[in-house]
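Peer 1: For the record, the sequence lines run as chains A and B. The first sequence begins at 46 in our numbering and counts up one residue at a time. The second sequence begins at 46 in our numbering and counts up one residue at a time.
Everything labelled a hint here was simulated from the structure, so no lab data went into it. C-beta: ideal position from N, C-alpha, C; glycine also. Accuracy of the hints is not assured; some may be wrong.
[To be verified] Residues from chain A that face chain B, not an exhaustive set, calculated with beta carbons under 8 angstroms: (1) 303; (2) 307; (3) 373; (4) 435; (5) 438; (6) 459; (7) 460; (8) 464; (9) 473; (10) 478; (11) 493; (12) 521; (13) 553; (14) 603.
[As the list claims (entries may be wrong)] Listed next, the in silico DSBU-like pairs over lysine-lysine satisfying Cα-Cα at most 35 angstroms (straight line): (15) A:441 <-> B:197; (16) B:573 <-> B:617; (17) B:313 <-> B:63; (18) B:562 <-> A:257; (19) B:63 <-> B:197; (20) A:540 <-> B:59; (21) B:540 <-> A:384; (22) A:540 <-> A:573; (23) B:573 <-> A:562; (24) B:285 <-> B:313; (25) A:573 <-> B:540; (26) A:50 <-> B:440; (27) A:562 <-> B:257; (28) A:588 <-> A:573; (29) B:50 <-> A:50; (30) A:257 <-> A:285; (31) B:441 <-> A:441; (32) B:313 <-> B:197; (33) B:50 <-> A:440; (34) A:257 <-> A:384.
There are 2 protein chains.
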Amino acid sequence: MRLNKLLPALDWLKTYSKMDFQQDTVSSIVFTIMVIPQSLAYAMLAGLPAITGLYASILPSVLYSLFGTSRTLAVGPVALTSVMTASVVMPFAVSGTEQYATVAILLAFLSGVFLLVLSLLRLGFLTNLLSHPVISGFISASALLIVIGQLKYLLGIQSEGDTLIPLITSLYEHLSDINLPTFILSFTSIVSLLLVRRHFSGFLKYVGCSAKTVQLFGKSGPVLIVVLATVAVAVFSLDKLGVSIIGAVPNTIPSINTELIDLDIIWKLLPGAFLISIVGFVGSVSVAQSFAAKRRQDIDPNQELVGLGLANIGSALSGAFPVTGGFSRTVLNADCGAKNPMTGIISAFLILLILLFLTPLFFYLPNAILAAIISISMMQLVSVGDLCHLWRFSKKEAFLLLVTFSVVLVEGMQTGLITGVVLSLLFFLWHTSHPHIAIVGRVPGTEHFRNVQRFTVETHPSILTVRIDENLFFANARSLEERLQSLVSQNSAIKHLVLMCTAVNMIDASALQSLEKILDRLNDAGVKLHLSEVKGPVMDRLKDSDLIQHLSGKIFLTQHQAIEELEEKQAKI
Amino acid sequence: MRLNKLLPALDWLKTYSKMDFQQDTVSSIVFTIMVIPQSLAYAMLAGLPAITGLYASILPSVLYSLFGTSRTLAVGPVALTSVMTASVVMPFAVSGTEQYATVAILLAFLSGVFLLVLSLLRLGFLTNLLSHPVISGFISASALLIVIGQLKYLLGIQSEGDTLIPLITSLYEHLSDINLPTFILSFTSIVSLLLVRRHFSGFLKYVGCSAKTVQLFGKSGPVLIVVLATVAVAVFSLDKLGVSIIGAVPNTIPSINTELIDLDIIWKLLPGAFLISIVGFVGSVSVAQSFAAKRRQDIDPNQELVGLGLANIGSALSGAFPVTGGFSRTVLNADCGAKNPMTGIISAFLILLILLFLTPLFFYLPNAILAAIISISMMQLVSVGDLCHLWRFSKKEAFLLLVTFSVVLVEGMQTGLITGVVLSLLFFLWHTSHPHIAIVGRVPGTEHFRNVQRFTVETHPSILTVRIDENLFFANARSLEERLQSLVSQNSAIKHLVLMCTAVNMIDASALQSLEKILDRLNDAGVKLHLSEVKGPVMDRLKDSDLIQHLSGKIFLTQHQAIEELEEKQAKI
Numbered sequence: 046m047r048l049n050k051l052l053p054a055l056d057w058l059k060t061y062s063k064m065d066f067q068q069d070t071v072s073s074i075v076f077t078i079m080v081i082p083q084s085l086a087y088a089m090l091a092g093l094p095a096i097t098g099l100y101a102s103i104l105p106s107v108l109y110s111l112f113g114t115s116r117t118l119a120v121g122p123v124a125l126t127s128v129m130t131a132s133v134v135m136p137f138a139v140s141g142t143e144q145y146a147t148v149a150i151l152l153a154f155l156s157g158v159f160l161l162v163l164s165l166l167r168l169g170f171l172t173n174l175l176s177h178p179v180i181s182g183f184i185s186a187s188a189l190l191i192v193i194g195q196l197k198y199l200l201g202i203q204s205e206g207d208t209l210i211p212l213i214t215s216l217y218e219h220l221s222d223i224n225l226p227t228f229i230l231s232f233t234s235i236v237s238l239l240l241v242r243r244h245f246s247g248f249l250k251y252v253g254c255s256a257k258t259v260q261l262f263g264k265s266g267p268v269l270i271v272v273l274a275t276v277a278v279a280v281f282s283l284d285k286l287g288v289s290i291i292g293a294v295p296n297t298i299p300s301i302n303t304e305l306i307d308l309d310i311i312w313k314l315l316p317g318a319f320l321i322s323i324v325g326f327v328g329s330v331s332v333a334q335s336f337a338a339k340r341r342q343d344i345d346p347n348q349e350l351v352g353l354g355l356a357n358i359g360s361a362l363s364g365a366f367p368v369t370g371g372f373s374r375t376v377l378n379a380d381c382g383a384k385n386p387m388t389g390i391i392s393a394f395l396i397l398l399i400l401l402f403l404t405p406l407f408f409y410l411p412n413a414i415l416a417a418i419i420s421i422s423m424m425q426l427v428s429v430g431d432l433c434h435l436w437r438f439s440k441k442e443a444f445l446l447l448v449t450f451s452v453v454l455v456e457g458m459q460t461g462l463i464t465g466v467v468l469s470l471l472f473f474l475w476h477t478s479h480p481h482i483a484i485v486g487r488v489p490g491t492e493h494f495r496n497v498q499r500f501t502v503e504t505h506p507s508i509l510t511v512r513i514d515e516n517l518f519f520a521n522a523r524s525l526e527e528r529l530q531s532l533v534s535q536n537s538a539i540k541h542l543v544l545m546c547t548a549v550n551m552i553d554a555s556a557l558q559s560l561e562k563i564l565d566r567l568n569d570a571g572v573k574l575h576l577s578e579v580k581g582p583v584m585d586r587l588k589d590s591d592l593i594q595h596l597s598g599k600i601f602l603t604q605h606q607a608i609e610e611l612e613e614k615q616a617k618i
Numbered sequence: 046m047r048l049n050k051l052l053p054a055l056d057w058l059k060t061y062s063k064m065d066f067q068q069d070t071v072s073s074i075v076f077t078i079m080v081i082p083q084s085l086a087y088a089m090l091a092g093l094p095a096i097t098g099l100y101a102s103i104l105p106s107v108l109y110s111l112f113g114t115s116r117t118l119a120v121g122p123v124a125l126t127s128v129m130t131a132s133v134v135m136p137f138a139v140s141g142t143e144q145y146a147t148v149a150i151l152l153a154f155l156s157g158v159f160l161l162v163l164s165l166l167r168l169g170f171l172t173n174l175l176s177h178p179v180i181s182g183f184i185s186a187s188a189l190l191i192v193i194g195q196l197k198y199l200l201g202i203q204s205e206g207d208t209l210i211p212l213i214t215s216l217y218e219h220l221s222d223i224n225l226p227t228f229i230l231s232f233t234s235i236v237s238l239l240l241v242r243r244h245f246s247g248f249l250k251y252v253g254c255s256a257k258t259v260q261l262f263g264k265s266g267p268v269l270i271v272v273l274a275t276v277a278v279a280v281f282s283l284d285k286l287g288v289s290i291i292g293a294v295p296n297t298i299p300s301i302n303t304e305l306i307d308l309d310i311i312w313k314l315l316p317g318a319f320l321i322s323i324v325g326f327v328g329s330v331s332v333a334q335s336f337a338a339k340r341r342q343d344i345d346p347n348q349e350l351v352g353l354g355l356a357n358i359g360s361a362l363s364g365a366f367p368v369t370g371g372f373s374r375t376v377l378n379a380d381c382g383a384k385n386p387m388t389g390i391i392s393a394f395l396i397l398l399i400l401l402f403l404t405p406l407f408f409y410l411p412n413a414i415l416a417a418i419i420s421i422s423m424m425q426l427v428s429v430g431d432l433c434h435l436w437r438f439s440k441k442e443a444f445l446l447l448v449t450f451s452v453v454l455v456e457g458m459q460t461g462l463i464t465g466v467v468l469s470l471l472f473f474l475w476h477t478s479h480p481h482i483a484i485v486g487r488v489p490g491t492e493h494f495r496n497v498q499r500f501t502v503e504t505h506p507s508i509l510t511v512r513i514d515e516n517l518f519f520a521n522a523r524s525l526e527e528r529l530q531s532l533v534s535q536n537s538a539i540k541h542l543v544l545m546c547t548a549v550n551m552i553d554a555s556a557l558q559s560l561e562k563i564l565d566r567l568n569d570a571g572v573k574l575h576l577s578e579v580k581g582p583v584m585d586r587l588k589d590s591d592l593i594q595h596l597s598g599k600i601f602l603t604q605h606q607a608i609e610e611l612e613e614k615q616a617k618i
């Protein structure tokens, strides 16, 4: 059992048959062909030679297939983590140098270690810090930055920077250097890519392909465009006219040059590695979960940390950069018919074969078409609809999205993400420090108690029941003190204060201290303090405390009992 | 009305009579005499000439009396903010130099500005971040550091450092330089201070003083010791034997030397200024509130930010260092019979007179006795009882106290405080990311629903009611998804899932997104999702959302109604 948990592959390997293998091989071949352009493109996005994208698709994919819990997730280079890699590595080295490759490899290694540490310490909950508005703003802004960053490849000019203003300034300065052949190639590629994306399946059906063929190859249109573009460059020698191409692929895989690393660099890379690992993890788990839900399978987030952690360490060992489970990769994988992680292992093997024997085929592959692929897929991630939707739900959260979006654009991805997280924490703290406190009364004819301001309810002049709609802890302890003091001081008829604790799920020492102060002050004022509907976990906490030992009133199981008993007592007086 | 709120002094000035003034003058004279040694001592603690403590007791006290809301709080130099001042200023300058004074003044100014900004932006809730265990650990460790830091004055040796290890190392290295006269003076002072603290009131009674005199002068024992020690130094010329004394007081008050300030220093001082201002504010408000509660008066925390902010700016204008409302100052003030803030104004005037005409009296005042006063009052703040108390209540919070305590000792006050705050946030997030989710059933014969694991309750095989004991927001949205999915997948008989929302006080976009996902998955599984007992504020949020529009089940006002209707429906089938 424990071994199965550690190595989830044992689960599906048990029942794996020869027929499964045949099916998986077909799926893998199609998947591999279709995923190659994407992998090359995202390596370029990370500021590394495009071919590194293939290195990053072998060992990580195998390791995730063995240690991950999703049956469908495809792990490899992903746009968001790739561009984060570029933005983290850039301050340390110039793209294209050995130093750059070394720092990127180190970053993959550190991200892997972080994920494993999070798993060991059960700190996966930290990823919850990325709230929906922050992720949404972050993704939209990053995608926009990526598209703007790709313009240099699309136009064949030089440009630098990784935030909005330097990027645009730099593009503007070099605008006169546009390489016309590159521009024409880019323009044609984008138009054709958009066309095949929309119409290729229809075209296949139209020319009479079987439904199965259409399903398998319906999304292979982009591959066709890539092949055509590469052939065009080769035939017309466009590289001689200034169209930049991948060129010859080195025989050795890059590896860490330990001479270029010191503790200082490692120390400075840690925040970046941490952010990449949690952003990668959150994205990957959400993709895995949505596919698992469709097929009624389970995802174990903690084991996902292990799978993705090992995948990143594997990527570092392959001389590549941080990887994770990607949405578009996984959609491709599912479309190709992948039903279990064996496809990840087979396609890794196929990519290895390609790397060993077929790299000359990539010689004339133009960078511009990779940039076109990136740009098109990124434009879909810039979501204005999400902002409108949020705006209707909560202005505050829409504001959070906008702030994250703007800070990412202007100050960069790391600063933007951290700003978003800190701001969402502050908003939450603000909310919880101003707890909703309702005076409640009985809904006539029931045992049910609701807010006097929203319902017609019965109350008793000398009994005040207050429902505290929040956990009691340090962030609101002092505010609770102030509110109760002012409620009681406003009404001198009150003899009994009942705190209805239906919504109190936890209490900490700071809040207990405040309640003890409140009890003392109420005692002085001749008001008895009662508690009702205290939850089990809270009662466990309170039972030995001074509060309960000195409580002037009683603890009632239900609010109904409290009111019946107190009203009876008042009637007797 | 608005002017009264801005200048709370208008409230009490309206009814202020001549008799009040006479009483206040008597109180103020006694208070002033007694508070002087403390003020001198805390200036020394801040690394400034002792006399600066008097500068810090004039303008700040007047400004707080006019703008603050407490009737009893005494504002001036306070041990904790003084030692924080020293620890913040030390990295920028050597104690005793003009640079040091300038940075301390700047710090007071920045703290004042921070407090005013917090008030303007209504950010006072940020001070809630200081939870009880963090404050307790911080105060104990700081007090211990202060006492160890005073040993150099008590022993008459040199020593440096502001954290435990450098302090002790430095003391150990200079231990052979002990100045015997200083040591004897210190020892005698400490013993006599402890004696008069315990027995002076009794002694006054014994010699036949009236109850009123005892009440007024019962706590003036330390002043007597200070006078005696000063006279002893003067008479026996102990200063010639190496006992360090205050000496001549300069004629000019220190002021900011703008040439020594640049933006870089201001920028680097900001975190320290922020911490000093919130620590000072939290301490001051809690003292003010406890005195106000006794007298049934009100404290307005937001106006307190204004009062203390102006007091600090006033302190900067007087060439002094950060001030706040102090516990021992306020106790003295109350003991002297202060009933309204006029005492603050009168005593400020008296201190001004002393500064103008009586500074020669302080010439022979030995630093050792000030150190003795500080040490004795600080030893009372090291609280082991608090730790034991917390340990019984919650191991986690006791751990928090210990971590804060240790980090303050070893790494310094700022790092310790920040560590404590971050750790308490993490603990809270951890807790709230692992929400308590209870399956509930009806307590027989009532309309009341409780946890099936703690109570004997009635449930229905095809209806699952789940009470979520936590707010629904980004920190637990994903965990909720996982938990509900596994609950439903474990039991295939379930046709209706009722989410009982009694404890849900807020919902954000992340949680809404998760609920929508849950709804989709339940739809696929043929399970209807119902909500019950949704609170008003949460319902307001939900009513326009996709969740409610696509909800497969109903929203019930009460859990009781939900079960009655669903059971009836199931019975029909």
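Peer 1: State for each hint whether it applies.
Peer 2: These are the hints, each one checked on the structure:
{"no.": "1", "hint": "303", "in the structure": "violated, 32 angstroms"}
{"no.": "2", "hint": "307", "in the structure": "violated, 24 angstroms"}
{"no.": "3", "hint": "373", "in the structure": "violated, 20 angstroms"}
{"no.": "4", "hint": "435", "in the structure": "holds, 6 angstroms"}
{"no.": "5", "hint": "438", "in the structure": "holds, 6 angstroms"}
{"no.": "6", "hint": "459", "in the structure": "violated, 18 angstroms"}
{"no.": "7", "hint": "460", "in the structure": "violated, 17 angstroms"}
{"no.": "8", "hint": "464", "in the structure": "violated, 15 angstroms"}
{"no.": "9", "hint": "473", "in the structure": "holds, 6 angstroms"}
{"no.": "10", "hint": "478", "in the structure": "holds, 4 angstroms"}
{"no.": "11", "hint": "493", "in the structure": "holds, 5 angstroms"}
{"no.": "12", "hint": "521", "in the structure": "holds, 7 angstroms"}
{"no.": "13", "hint": "553", "in the structure": "holds, 6 angstroms"}
{"no.": "14", "hint": "603", "in the structure": "holds, 5 angstroms"}
{"no.": "15", "hint": "A:441 <-> B:197", "in the structure": "violated, 54 angstroms"}
{"no.": "16", "hint": "B:573 <-> B:617", "in the structure": "holds, 17 angstroms"}
{"no.": "17", "hint": "B:313 <-> B:63", "in the structure": "violated, 49 angstroms"}
{"no.": "18", "hint": "B:562 <-> A:257", "in the structure": "holds, 31 angstroms"}
{"no.": "19", "hint": "B:63 <-> B:197", "in the structure": "violated, 48 angstroms"}
{"no.": "20", "hint": "A:540 <-> B:59", "in the structure": "holds, 34 angstroms"}
{"no.": "21", "hint": "B:540 <-> A:384", "in the structure": "holds, 29 angstroms"}
{"no.": "22", "hint": "A:540 <-> A:573", "in the structure": "holds, 6 angstroms"}
{"no.": "23", "hint": "B:573 <-> A:562", "in the structure": "violated, 46 angstroms"}
{"no.": "24", "hint": "B:285 <-> B:313", "in the structure": "violated, 41 angstroms"}
{"no.": "25", "hint": "A:573 <-> B:540", "in the structure": "violated, 45 angstroms"}
{"no.": "26", "hint": "A:50 <-> B:440", "in the structure": "holds, 31 angstroms"}
{"no.": "27", "hint": "A:562 <-> B:257", "in the structure": "holds, 31 angstroms"}
{"no.": "28", "hint": "A:588 <-> A:573", "in the structure": "holds, 18 angstroms"}
{"no.": "29", "hint": "B:50 <-> A:50", "in the structure": "violated, 64 angstroms"}
{"no.": "30", "hint": "A:257 <-> A:285", "in the structure": "violated, 42 angstroms"}
{"no.": "31", "hint": "B:441 <-> A:441", "in the structure": "holds, 33 angstroms"}
{"no.": "32", "hint": "B:313 <-> B:197", "in the structure": "holds, 29 angstroms"}
{"no.": "33", "hint": "B:50 <-> A:440", "in the structure": "holds, 31 angstroms"}
{"no.": "34", "hint": "A:257 <-> A:384", "in the structure": "holds, 16 angstroms"}
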